[in-house]
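Undergrad: Protein chains in written order, with this note's numbering: chain A, 1 to 373; chain B, 1 to 133.
Keep in mind that the hints were calculated from the coordinates and are not lab data.
Don't be surprised by glycine CBs; every beta carbon is placed ideally from N, CA and C.
It cannot be assumed that every hint is accurate.
Short derived list, chain A residues pointing at chain B, Cβ under 8 Å [unchecked claim]:
{"id": "1", "residue": "Glu203"}
{"id": "2", "residue": "Leu204"}
{"id": "3", "residue": "Tyr207"}
{"id": "4", "residue": "Ser210"}
Now for the letters of each chain:
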Amino acid sequence: MKFRAIVLPVLLFGGLLSTTTPGAAHHSILGKFDDAQAMTLEGIVTMIDWRNPHVHIFMNVAEGPGFQNWAVEIESPGVLRGTGWSRESLRAGDAITVEGMAARNGSRQVWGSSIAMTETGRLVMDVAPMRPPDPLAPRPTPRWPDGQPRLGPLPGGVDGYWAYPSANSLVQTGANVEMDEFGMLENINDSDRVAPLQPWALELYEYRQSRQLRDDPTFLNCKPPAGPRQYHQPEGFQLIEDRVRERVFVLVGSGNRNFHIMFLDGRDPVGQVGGDDDNPLYYGRSVGQWEGDTLVVETSSFNEDFWFANGGLPHTDALTLTERFTRPDFDTLRYEVTIDDPGAYTRPWTSSWTLRWVAGQELPMHFCQENRP
Amino acid sequence: MRALRAVTALTFAVLVLSAPVSAQEGHPVKGSWLGTWGLSADHLNDVIVIMDWDGEKISGIINPGTDNIEIENATLNPDGWVLRFEATGESPSGEELNYVVEGVLENLAFHDRTFTGSWTHESAEGPFEIQRQ
């Protein structure tokens, strides 16, 4: 064979050469804002933009002889509602003091961690970690008439969903590694203990961490937080059982109203010809069955266009997940996942956490693509 | 024959370049790459490289078409993201030509990351630069 340069009139195809570069990006908080640059702003509210993924408050701040308008970015409407905030908590004309951190790019943007009325000092927003409501008393696992555990509410019961995961990112069982809520390691030297990463995957993981996760496609491009990551999202998820059609719908509270289906009808995890064919998918193809009180689901056919874990652990399209869902009592869901990805890891590994039942509430509405900068 | 090769290459280039942009967050070398190689910056030829990762080794082909050649002995050193591979071509007179390509992956965070390096063959060498499409 000949290693000859092919003669391509590439210039004729210049238009095809241009590729899409992410435009103004909605970075994860630490990608956009610098937690080493604390900032205090005093000024007058001019507008409140109450939309997902983050609410913005615009305020005029005295600078020199005039004013400059600043954008204060704060949590999502769902999180704010959960901490007692409403869109009426502030109005245009209010004088406020904002504590937060400055934008890395030096623009007039700040991430607001607390907001107080300047005149009285009354705190109107102080984002504390949300806590699940304490159950009144231990309640037994709800079951269908045939004894199989239910994954949702009681028949005729009001809505509810699963949230408040006991962990924020994937860590192999037995490893004691500290991370923040976004999956950022407290100590980067712990990176090789998080999972049995292949050398390239370990280096890539550390690279993503070193960039404060600012390249996360979920934040940059609203890509689905698929794989185990969907069960780490603060907006939670619902499991809707369709026993007649032998499937479980997973409705994800984050992303853009993402959902996927876990088929329990014995089918093979292959694509539907004329439907999704055999294309790799964000949520892969899931098939499962009940083993005693545990729903065991195997998922494969993932694409490589998303991060499957908070914190930036890599995966490849060789990824297969074995997930086990159990409901040991009414208010607890235990999730265990075995990650088998010979493309990125040296061996299969397992991680697990629990989630809390949020009774009587609908799944929070969180649309990533609203209010994007 | 040469025209056929050109048409084949053109068709492939159109297919590659018009495909939807994919983030590709997996192994950094996986994908279709387009760029140039040559004796100097003034004498460059277009080159297409397709690379894949099976969990153990990097495979790939250069200039897919009737004259494509396989990438051999490819390695990626994550420490510095140094990619090296070999390719065996053939001169117009039928002589076997052994090339070594080595360089560095840059802009890993982006789908259109780059590979910047050089090729060598015996005493000859030149730039080899490709960008993921």
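Undergrad: Give a verdict on every hint.
TA: We went through each hint and held it up to the structure:
no. : hint   : result
1   : Glu203 : holds (3 Å)
2   : Leu204 : holds (7 Å)
3   : Tyr207 : holds (6 Å)
4   : Ser210 : violated (10 Å)
In this structure, only the earlier hint numbered 4 is contradicted, and the remaining ones agree with it.
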